[in-house]
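So the chains spell out like this:
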Amino acid sequence: MTVVRQAGDRTRRGARPGPVARAGVAHAPSRTMRAVLLGGIGLFFLIPVVAMVEFTLRKGLGGGHDASRWIALAQGGLTGQYRQVLVALGNSVGLAVGTVLIVLLLLVPTLLLVHIRFPRLRRVMEFLCILPISIPAIVLVVGLAPVYSLLSRLAGSGVWTLAFAYGITVLPYAYRAIQANLDGVDVRTLSEAARTLGAGWGSVLFRVLVPNLRRGILAGAFIAVAVVLGEFTIASLLSRVNLQTALVVVSKADPYTAVILSLLALTFAFLLLLLIGRLGAERTRPRRRRPIGGRP
Amino acid sequence: MTRNTITTAGTGNAPKSPNAAPPGQAGRRGAVVEFTGVSKHFGGHRALDGFDLTLHAGEFVALLGPSGSGKTTALRALAGLESTDAGTILIDGVDVSLLPTSQRDMGMVFQAYSLFPHLSAGENVEFGLRMRGVAAAARRSRARDALALVGLDDHYDRFAHQLSGGQQQRVALARALVTEPRVLLLDEPLSALDAKVRVSLREEIRRIQTELGITTLFVTHDQDEALAVADRVAVMRDGGIEQVGTPEDLYSRPASPFIADFVGLSNQLAGVVRHGFAELYGTKLPLVDPSQADGDVLVAVRPEDLEFSGDGVAGVVVASSFHGSLRRTRVRLADGAELSVQHVVRVQPVPGDSVRLRFCGAPVSVEAVAVSR
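Going down the list, the sequences are from chains X and S. Residues 1 to 296 in the numbering used here are what the first sequence lists, from first letter to last. Residues 1 to 373 in the numbering used here are what the second sequence lists, from first letter to last.
Hint data in this document are derived by calculation from the structure and do not stem from the laboratory. Computed from a prediction, not measured in an experiment: that's the story for all the values here. Among these hints, one or two may not hold up.
Claimed, not checked - A few chain S residues facing chain X, derived, Cβ under 10 Å:
hint, residue
1, Leu81
2, Arg104
3, Gly107
4, Pro117
5, Tyr281
6, Thr283
Unchecked claim - Far from chain X by the CB rule (all over 12 Å, computed), these chain S residues:
hint, residue
7, Val32
8, Val109
9, His323
Heads up, the beta-carbon is just placed ideally off N, CA and C, and yes, glycines get one too.
Isolated chain X, as found in the complex (with noise of 0.2 Å):
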């Protein structure tokens, strides 16, 4: 048998790896720049986090630091006054899951759609989706308390129901992360030649599309849970317990605790990030099969 090789049709071994490999990327930055980028922005972070740690720490109009409160929130658990955190925490992360569901489940198909079927929408869809930025939530809770009231009736005031809310909350972000991962894939040719091998469109959707816009699903699925974690402002004017209100409420009675739940939950939320940022990372290497007539 004739094997080809052609003068410039060498391997690029050295490609950066992703969907589709642009032209024109720009020089990576150097070790020390990054370490000087990286260590502002840390900084800038970390400042915050330590003077909440140092206020947790304190004794009292006495001075000093000890870790007594932590010791006693370890010991005692989440009980008694507490108790109502836990319950928060439980609504938080069951209204992140349900954001994420509508994110994925309306989002994802919708930005489909349009970039393959309807590329003239594109706009249309862009306008949609960023315009909920450009309302804050104090006008929002307005136009939602009817809606709301209504719903109250027709499938009770379930905490649950702020899930359509955030829903429209975080499709600025969710939209954006979504759509620049769907700029550098071209779903129109993967979609019609996975179509042409006998793929139906499920089989394009959770084949070929999905294992291409991981990288931002996922990243919009977190910037979904973030903003659910972090919302006060639509639970506390609809009357809805989640974990922001039920802190606030800890707060006027016991500050310090507050503030120790405050951290735990920006640990919970770093450690999901980590977690989706490891789900996330492409895949480069082939999975090992096993050896066909010898071969290795």
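Mind docking chain S on chain X? Use the hints.
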């Protein structure tokens, strides 16, 4: 590794598609494809207008035409990626116009790199087999055979970003062929590659196509590519076929000055048809179509059908360029018309030289026009 693992339709593990070849044709690889009166509009633009074309079993047909002539639309209609407004598309006599793409049993290589970035080359090739429910071991074996067919069997585990453009298109070709489709569709698969790889890969495509005997429709706007690889070339214009024929037919007997100009180079000159001959600068030239009515016409003359002579039409050399094995010189005649002449390289006219040109008398194509002479 032998390449004959990709063999005839129905010998693989893939289940039969709804349009599998009838029993009488089992074992024959290529299918007969017939476009009949196919039309397609995009808004007010007619992309296809009563498009008729038949591809014989195992034939390699190139669709050639300028941008916007409808060649890609025709190919996409056959693939099912574009719906049609009117007409029928038959494969082995079965109307597939309403079948979804996934059930048409086609292999397609796209102009844009279309390998799935999250899968290795081998997994890309396996994809079509996976969609057909082929067992994992058979899938891997057949994918390796297909990659061997395009000379990339040692690139099984590479990802798209680790392959050059030419390698990506060869993997795409292997992916299109591994399912043993009835028709292979090539949508300008070489246009993103550099010149050397283009030539090499087009010869590779032709070799594999001939070997497998698969009916192939190849869309290109590059006339060299079309003439070099196709059994027949269909030249498109404004959504319809202008002329279909072998590359030799198209070049030597173009049906119109448009074909003469689009396929190869030609000089377009005003002339007159009288009694079955075109008269041009006092020379009588035979017509490709002798039934052409008398009157003013636009005559297409190939540069190689002109030669420098001592007793021809007088002109002045405007420019001369070297093309390796030949040279082309532009000559301005007394009436302002400019002609391109192809000649041997040892003749080296320079701008300003006075020369005389003679028409060699080869058949020319003409188009009736209102010419002010």
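**Request:** Closer than 10 Å between Cβ atoms is the bar; does Pro117 of chain S clear it against chain X? Give me holds or violated.
**Result:** Status holds, d = 4 Å.
**Message:** Using the nearest Cβ pair, does Arg104 of chain S come within less than 10 Å of chain X?
**Reply:** holds (8 Å)
**Asked** With 10 Å as the cut and Cβ atoms as the points, is Tyr281 of chain S at the interface with chain X?
**Response** violated (46 Å)
**Request:** Check the non-interface label on Val32 of chain S: least C-beta distance to chain X beyond 12 Å or not.
**Result:** holds (20 Å)
**Request:** May I ask you to check that Val109 of chain S keeps its beta-carbon over 12 Å from the closest beta-carbon of chain X?
**Result:** violated (9 Å)
**Asked** For the hint on Thr283 of chain S, does the least C-beta distance to chain X fall short of 10 Å?
**Response** Check failed: Cβ of Thr283 of chain S comes no nearer than 47 Å to chain X, outside 10 Å.
**Message:** Next item in the hint list is Gly107 of chain S. Is there a CB on chain X closer than 10 Å to its CB?
**Reply:** Interface hint status for Gly107 of chain S: holds (7 Å vs cutoff 10 Å).
**Restraint check, 10 Å cut-off on beta carbons, for Leu81 of chain S near chain X** = holds (5 Å)
**Item:** His323 of chain S non-interfacial with respect to chain X [C-beta, more than 12 Å]
**Value:** holds (22 Å)
Comparing the model with each numbered hint stated earlier shows that hints 5, 6, 8 do not hold.
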